[in-house]
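**Student:** The lines below spell out each chain.
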Amino acid sequence: MNCNDSHEHLALRLYAELDERDGEALQAHLDGCAACRTYAAQLQQGLGRLSADATDDLPQGWAAQLSERVGSADVRRSRESRPAASLIAGVSIAAGFLLGLVCTSLLTPVQPGSGPSDPGPRTELAPEATLAAGNASHSEFRRATAPPLATTVGDLGRLRSYLGR
Amino acid sequence: MASTHQPTFDDLVERHAPQVFRVCRSILRDDHLGSDAAQETFVKLWRRLSLGALPEHAQGWLRSVAVSTSLDLVRRRRLQTVVEDTESREAPAAARPLEQVSLAELQHDLGLALHELSEGQRTVFLLRHEGGLALREVAEVLGVALPTVKTQFARACVKLQAKLARFDPDLKDGPR
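Just so you know, the sequences run in chain order Z and A.
In this text, residue positions in the first sequence follow the working numbering: the first is 1, and each later residue adds one.
In this text, residue positions in the second sequence follow the working numbering: the first is 1, and each later residue adds one.
The set of hints was computed from the structure by calculation and includes no laboratory data.
Don't take every hint at face value.
Said to hold, decoys possible - Here are the simulated EDC-like cross-link-like pairs (lysine to aspartate or glutamate), alpha carbons at most 16 angstroms apart as the crow flies: (1) Lys159/A / Asp5/Z; (2) Lys44/A / Asp10/A; (3) Lys163/A / Glu99/A; (4) Lys159/A / Glu119/A; (5) Lys163/A / Glu116/A; (6) Lys44/A / Glu68/Z.
Using the sequences and the accompanying hints, generate a full structural model.
**Tutor:** What follows is the structure in structure tokens.
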């Protein structure tokens, strides 16, 4: 250890930040170096006198100022968040409306003859008529007479009439 | 079944405000600015709590926020508290042993000498010397390795002591 290292170690020792191994090396150096022993004493008289003279006391009225500041930050935050809340509400309403439209279109009973095997224009034929025509498969017949899947109030009538059939 | 008690905002203020204030003041070296930065730190905590996100280690979180808030303030305001007239105050003091120099003189000289440190050295020194944080805590707060922090701190101390030693003619030669 040279004297420069010794000075840095002395500074760490002053603040109790020197680990044991470095402490032993420092002591060995100090034992043989009068200049560093003088430096150690002077360090104590200089920086050593200045350390830890600060207090933890908060300034008067600090807590009251903080509550005031927190209160105003809270108001500001709620003001800032209000437009965002209206936007979210608007988007939710629009999404609900769109979802309703999609559901309504999906729940409309499928008309016979509109399957992928029949891409042509729909014809408003009753199942009986289709069967009578002799060109409808059994599955087409079942699909045409399948119960409505809806559970909305508007479709309950149709469901009941189907079950009562 | 053990119930975990979540500290309220008031609990955290009561428990940590003195240390947060001390840390802020150590960096800003001013009671008023330190108080302001400490309050800003707790306002940030309040915002976080109001989002339902209590920091896992409140004390460490508060220290980090206190340091970053204070450093931001230093950079924003470009604090140059006494640098402008450093030259005029550097009038040669009467040579005398350090033990005869008053504490006020030492404090004044320390204030001047701090401006001659790099920002890293100054921050580390102030957090340990005035903020009262252990170097391990300083390393955590700054996100720097402990050996680096120790080196910065030790070098800062040696430089500052050299400035304080201007009073003492025996110490002006530096290390031999």
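**Student:** Determine for every hint whether it applies to the structure shown.
**Tutor:** Quick rundown of the hints versus the structure:
A hinted pair counts as satisfied when its Cα atoms are at most 16 angstroms apart, and Lys159/A with Asp5/Z qualifies at roughly 13 angstroms. About 14 angstroms separates the Cα atoms of Lys44/A and Asp10/A, which keeps this hinted pair within 16 angstroms; it holds. A C-alpha spacing of about 15 angstroms is found between Lys163/A and Glu99/A, which places the hinted pair at or below 16 angstroms, so the restraint holds. Distance hint between Lys159/A and Glu119/A is fulfilled; the C-alpha atoms sit about 14 angstroms from each other, no more than 16 angstroms.
Simply put, Lys163/A and Glu116/A have alpha-carbon atoms about 10 angstroms apart, close enough for the 16 angstroms limit, and the pair holds. About 14 angstroms separates the Cα atoms of Lys44/A and Glu68/Z, which keeps this hinted pair within 16 angstroms; it holds.
Of the numbered hints given earlier, the model fails none.
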